[in-house]
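Enquirer: The listed protein sequences derive, respectively, from chains A and B.
Mapped onto the working numbering, the consecutive letters of the first sequence carry residue numbers 1020 to 1359.
Mapped onto the working numbering, the consecutive letters of the second sequence carry residue numbers 6 to 381.
Among the clues, some could well be false.
Calculated lysine-lysine pairs in the DSSO-like style (CA-CA distance at most 27 Å, straight line) [unchecked claim]:
1. B:K344 to B:K185
2. A:K1181 to B:K324
3. B:K292 to B:K363
4. A:K1121 to B:K292
5. B:K324 to B:K180
6. B:K307 to B:K324
7. B:K89 to B:K344
8. B:K286 to B:K89
9. A:K1181 to B:K84
10. A:K1121 to B:K180
11. B:K377 to A:K1121
12. B:K377 to A:K1181
13. B:K89 to B:K335
14. B:K137 to B:K335
15. B:K180 to A:K1181
16. B:K324 to B:K292
17. B:K335 to B:K324
18. B:K180 to B:K198
19. B:K186 to B:K292
20. B:K198 to B:K101
21. B:K101 to A:K1121
22. A:K1121 to B:K286
23. B:K307 to A:K1181
24. B:K89 to B:K377
25. B:K180 to B:K221
26. A:K1181 to B:K286
27. B:K137 to B:K377
28. B:K169 to B:K89
29. B:K223 to A:K1181
Think of the hints as simulated: they come from the structure by calculation, not from any bench.
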Amino acid sequence: MTAGTSAAAAELARRRHSPLQRVQHLLHGYPFISPLLILVVTAAAFTIVNPRFANPASLSLLIQQTAVVACLAIGQTLIILTAGIDLAVGATVILAMMVMAKISVENGVPAPVALLIGVGLGAAAGLLNGFLVTRINLPPFIVTLGTLSIFTAVALLYSGSKSYQNNVLPDLLNWTSTGFSVGPFRLTVGVVIVVLLYLVMGYVLSQTRWGRHVYAVGDAPEAARLSGIPSKRILLSVYAVAGLIYGIGAWVLIGRAGAASPNAITNANLESITAVVIGGTSLFGGRGRLVGTLIGALIVQSFTVGLSLARVDQQYRILAVGILVIVAVAIDQWIRKVKA
Amino acid sequence: MQRSTTVHRSRSVRRALAFVAAGALVLGTAACGGDSGSDTTTPGASGTAGGGSGEAVGVSLITKDSTNPFFVAMQNGAKADAAKQNVDLTVASGAKDGDEQGQIQAIENAISAGDKGILITPNGPGVNDAIKRARDAGLLVIALDTPPDPADTVDITFATDNFKAGELIGQWAEKQLAGKKATIALLDLFNDKIVSVDYNRDQGFLTGMGIDTKDKTKNGDEDKTGTYTGGDYTIACNEPTQGSEDGGRTAMENCLTNSPDINVVYTINEPSAVGAYNALKAAGKEKDAIIVSVDGGCQGVKSVTDGVIGATAQQYPLKMATLGMEAIAKLARTGEKPKVTEGLDFFDTGVALVTDKKADGVESIDSAAASKICWG
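Just need the whole structure built from these sequences, with the hints factored in.
Expert: Quick look at the structure:
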C-alpha cells in the first residue's frame, strides 16, 4: 500500500502468507463476508430443522420483522463508525412516534406535516446528542445515556403514556403497513423504505466525500483533523442524520406495531448495537459496512424465527445471540491483527 | 408523635428540592411543566378534607413501571383520590417491568419517610425481603394486582382474580366454537420468566375451554392435542409477546407460519391482541380466528366494539388503588385491618367479561357498558 513498497517485496510477502492469513486478508478487505457466511449457515441449519423456514411466506415475515431494527441499525452504524455509541435509539424513536401520532390525532395537524415534524424531531434529538458530544466534549456513551432518560421521560409526559391504534391514526402514518406482493413474497411499504435507506446511505457512505470523512474521523480523529477534515462538523452531522433515520424508523414502526405506543419497542438499543456488531462494524470506529449491518440484523431475526419454528424456547435464542456477539467481536479482533 | 412532624418537615424540604430538580429538568427539555410535578408526588390535602379525618396518612404507591397504561391509570386514580381520603401519597415505580431493585429502593424510601403503609405491584420475589423489613417497621403492606409469591409476604392483596379472568374468556371461546376443532395460539407475556399473572390467565383460559392444564402454575405443560368441552383441540404455540403490540404481532406471525389454521387466539393483554390481529389481517385471516384477551382498558374495550377482540376480561385498577389507600387510612385511624374475600387468599376487586357477542351461560357486559367503567 505504501508508495515505497516494491512489487517484488509485495510478491514475496504474499507468498509467505499461509491460507489462513489469506482468509484473514480477504475478511479484512470485505468485512461483511464473515456475517454473510454466518447468515447462510444459520439459514441452512434452520431449513434442515424445519423446511418451512425457507418457504416464501416465512422469508417474507423474516424480512418484515427485521425491518424496524435494520432501519435503526443504520443510524447506529453511522455513530459506531465514528467510534461512538448511541444508547438513545429507542427513546428517540418513541419520542418521534408519540409526537407525530398525538399532534395528528389530537391537534388536527395534517398528516404530512405531522410526519415531517416527527422525523424532524428525530433529527433535532440527534443534533442535541451531537452538540453535547462535539461542543461540550462529553463521551457519546454518557451523552446518550442521559438523553435516553430525557427523551423517554419527555415522550411519556407528552403522551401521558397513551397509545394510538391504527384505526384512529391518519392513513399516511399507517401507510408503512401497506402490503404488496413481489412474486411469492409479501412485502410492505415499510420494508421498501428501509431498503431505500440502505441503498441511499450505502451510496453516501462509500461514494461521497462526506462518507469518506466519516470513516476518516472514526479511524483516526487526530489524523483527520490534521488533514483538514472538519471533524466536529462531520460528527455533528452524523448524529443528526442518525436521528433523522430514527424518525423514519418511528414511521416504519407505527405500521409494524399497528399503533403508536410508548411500549411499542423495548430493546431497540441492544438490538441495533447487536446487529451492527455481528455485521462486522468495529466498535473502535472507522471500519465496517452498512450491508454487514443489514446481514447482522437478519441473522438475529433468523434465530428468532428459526428457533420458534423449531419450537425451542426463547432462552436459547437469547443464548445463541449472546454467543454470536462474542464470536463476531473475536473475529473482528483477529481480522484487525492482519499484517498489511 | 413528635417524630412524625419532623419527618414531615424533612419530607417537605425534600419535596421542594425534588420540585426544583424536576422543574430544572423540564425547563431544560421544554416539556410540559405542570405534569411532572404531580408525577412525583401529590401533596396531601391541607387542613381537613372530606372523607378523611385527623392527620394526613402517608402512603406510597409503588407500581411495576410508569409506562404501562394499567399502572398509569392506577397512579392517576390514586392521585385523584388521595386528597379525598386525606392521604399524603408518594408515587414510585420500577424503571421497567421486572425491575426489583428500583422497587426495593422505593420501599426503603417509604420506610424512612415514615409512611403508614405501602401499596405495591411487586416485580418479583426479589422485593420480598424489603417488604418484610417494611412490615417489621410497622407499615401495612398491600399488594395490588399481583400477589407476591408466597402470598403471605404482604398483609393482603387487592387484585383481579386472574385465573377467573382467563376462565371467563375460555368459557366464552368454547361457546363460540360450537364444537368445531380448536387450533389455539397462546400468546403469553414471557417465556423466559415465570410470573403469576401470566400463568394464571393462560391456565384459566385453558380451564375455561375445558382443557386439563396439569400444573396450574406452569404454562405449556398441557397436552398439545386432546379434547376440550366442545371437541378436539390442538395447541399451536406458546409464544412470548412482552405485552406489546409489536411483540404480539411477531408472536402471531411465528405461530401462523407453523399452523396456518389457527382459529382461537388467547392473548395476555390488549396491546398484544392488537398486534396479533394485525398479523392475522396481514395474512388475510382476521375473519377466521377469534381473539380473546384480558385487561378492559378503554382502548381494549374499543377494540371489542370495533370487532378486533372478540371478548376481554375487564379488571379494575382504580378500585385496587382506592380500596388499598382506604384500608391503610382506616388502619392508621381506627386500627382495623382489611380482610380477604371469602374462599380466596386475596381481596377480589372483581372482573367482568366484555363482549358484544353474548354466549349462553357466560355472564357478560357489552362494550358500551364497559366503556363507561374502563380505565386508561
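Enquirer: Determine for every hint whether it applies to the structure shown.
Expert: Status of each hint after checking the structure:
1. B:K344 to B:K185: Not satisfied, since the Cα-Cα distance of roughly 44 Å exceeds 27 Å.
2. A:K1181 to B:K324: Between K1181 of chain A and K324 of chain B the Cα gap is close to 20 Å, so the pair holds against 27 Å.
3. B:K292 to B:K363: 18 Å, holds
4. A:K1121 to B:K292: 30 Å, violated
5. B:K324 to B:K180: Outside the cut-off at roughly 30 Å; violated.
6. B:K307 to B:K324: It holds: about 21 Å lies between the C-alpha atoms, which stays within 27 Å.
7. B:K89 to B:K344: 23 Å, holds
8. B:K286 to B:K89: 46 Å, violated
9. A:K1181 to B:K84: Holds, because 18 Å separates the two Cα atoms, which is no more than 27 Å.
10. A:K1121 to B:K180: Violated. K1121 of chain A to K180 of chain B sits at ~39 Å, over the 27 Å cutoff.
11. B:K377 to A:K1121: Roughly 23 Å separates the two Cα atoms, so the pair holds.
12. B:K377 to A:K1181: Holds - the C-alpha atoms of K1181 of chain A and K377 of chain B are around 18 Å apart, at most 27 Å.
13. B:K89 to B:K335: Status holds; Cα separation ~13 Å.
14. B:K137 to B:K335: Roughly 21 Å separates the two Cα atoms, so the pair holds.
15. B:K180 to A:K1181: Roughly 34 Å separates the two Cα atoms, so the pair is violated.
16. B:K324 to B:K292: 35 Å, violated
17. B:K335 to B:K324: 16 Å, holds
18. B:K180 to B:K198: Roughly 32 Å between the alpha carbons, so the hint for K180 of chain B and K198 of chain B is violated.
19. B:K186 to B:K292: Within the cut-off at roughly 16 Å; holds.
20. B:K198 to B:K101: 14 Å, holds
21. B:K101 to A:K1121: 23 Å, holds
22. A:K1121 to B:K286: Holds, at about 25 Å.
23. B:K307 to A:K1181: Given pair K307 of chain B, K1181 of chain A holds - Cα atoms ~14 Å apart, limit 27 Å.
24. B:K89 to B:K377: 22 Å, holds
25. B:K180 to B:K221: Cα-Cα ~23 Å, so holds.
26. A:K1181 to B:K286: 24 Å, holds
27. B:K137 to B:K377: Given pair K137 of chain B, K377 of chain B is violated - Cα atoms ~39 Å apart, limit 27 Å.
28. B:K169 to B:K89: 32 Å, violated
29. B:K223 to A:K1181: 32 Å, violated
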